[in-house]
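K.L.:
We have chain A already, so just place chain B on it with the hints.
Chains A and B, in that order, give the protein sequences.
At the far end of the first sequence sits residue 136, using the numbering used here, and the numbering has no gaps.
At the far end of the second sequence sits residue 266, using the numbering used here, and the numbering has no gaps.
Bear in mind the hints are in silico, worked out from the structure with no lab data behind them.
For each residue, glycine too, the CB sits at the ideal point set by N, CA and C.
Covered stretches of chain B, as calculated for chain A (at least 3 residues, CB under 8 Å): (1) 155–161; (2) 187–197; (3) 220–233.
With beta-carbon atoms standing in for the labels, derived distance ranges: (4) Pro135(A) x Asp231(B): 29 to 39 Å; (5) Arg13(A) x Asn240(B): 35 to 45 Å; (6) Gly70(A) x Gln243(B): 45 to 55 Å.
Stretch by stretch, here's where chain B covers chain A in the computed footprint (C-beta under 8 Å, at least three residues): (7) 36–45; (8) 106–115.
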Amino acid sequence: MPELLVSERIPVRIATDIVIARRAARELCERLGFGKADQTRLATAVSELARNVIQYAGEGVCLIEDRSDGVSRRIRVVVEDQGPGIADLGRALTDGFSTGGGLGAGLPGTRRLVDEFQIESAPGRTCVTIVMAKPF
Amino acid sequence: MRIPILRLERTLLVSIQVDLTDNDAMQFQSDLVERVAEIEALGVAIDITALDVVDSYMARVINDTASMVRLLGAEVVICGVQPFVALTLIEMGRDLMGADCAFNLGQGLEILNTRIATRGDTRFNEDEDA
Numbered sequence: 001m002p003e004l005l006v007s008e009r010i011p012v013r014i015a016t017d018i019v020i021a022r023r024a025a026r027e028l029c030e031r032l033g034f035g036k037a038d039q040t041r042l043a044t045a046v047s048e049l050a051r052n053v054i055q056y057a058g059e060g061v062c063l064i065e066d067r068s069d070g071v072s073r074r075i076r077v078v079v080e081d082q083g084p085g086i087a088d089l090g091r092a093l094t095d096g097f098s099t100g101g102g103l104g105a106g107l108p109g110t111r112r113l114v115d116e117f118q119i120e121s122a123p124g125r126t127c128v129t130i131v132m133a134k135p136f
Numbered sequence: 137m138r139i140p141i142l143r144l145e146r147t148l149l150v151s152i153q154v155d156l157t158d159n160d161a162m163q164f165q166s167d168l169v170e171r172v173a174e175i176e177a178l179g180v181a182i183d184i185t186a187l188d189v190v191d192s193y194m195a196r197v198i199n200d201t202a203s204m205v206r207l208l209g210a211e212v213v214i215c216g217v218q219p220f221v222a223l224t225l226i227e228m229g230r231d232l233m234g235a236d237c238a239f240n241l242g243q244g245l246e247i248l249n250t251r252i253a254t255r256g257d258t259r260f261n262e263d264e265d266a
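With the rest of the complex left out, here is chain A (with noise of 0.2 Å):
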């Protein structure tokens, strides 16, 4: 096992950074040995939530790490903003549910694209966690 695991910070500002997220991470992916499939699912899960946070927060922080351990490779994206928080989780992670004029499939399609996924959110903080995995 190496010694240093990749971690890039990569802050959310501008529509861009969007692309600078998912293009990270999904090279990430690609250099962990994961399939195009999985690349495709990563970049698209990390583009869902980088956006979100530009449009409900304004701005905000996209961490991908790899998490690799001796068992599996692991990608860990934490996608943080200091934004107002959703109100009901519960319905924002439900299909079809949308204050932003989306489709509604952004949070609850987000969570199908990957292996783990966690939300905290309160007013001031919002934070969501994705994991991609694969055992070796």
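P.N.:
Then chain B, alone, in the frame of chain A:
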């Protein structure tokens, strides 16, 4: 970032090569509907071969654009959806992409032409204003 709209007789071709921001998308949609109306286009092919990620926002932009074009009276085909984009879109949500699709631009144009021919459109005639 403005998306070029190419004209091929009464058909318009657009190729989306980069991720569109909200403003780009709005500009693109208004440019396209204006152009469709201006030349009374019979068909529009939207090529997205170059997009390796289509998130729900981009899917909405593409879908909405297709609906706008259809509202005006033109046929529309989305061309070149990448295999892993298709896979991801369906996993995310089944109704993200509703427009008709084709493997590539060539097939898209074929579909448009067939459809335009079968609808026997009077607008094919030169003297439509007569």
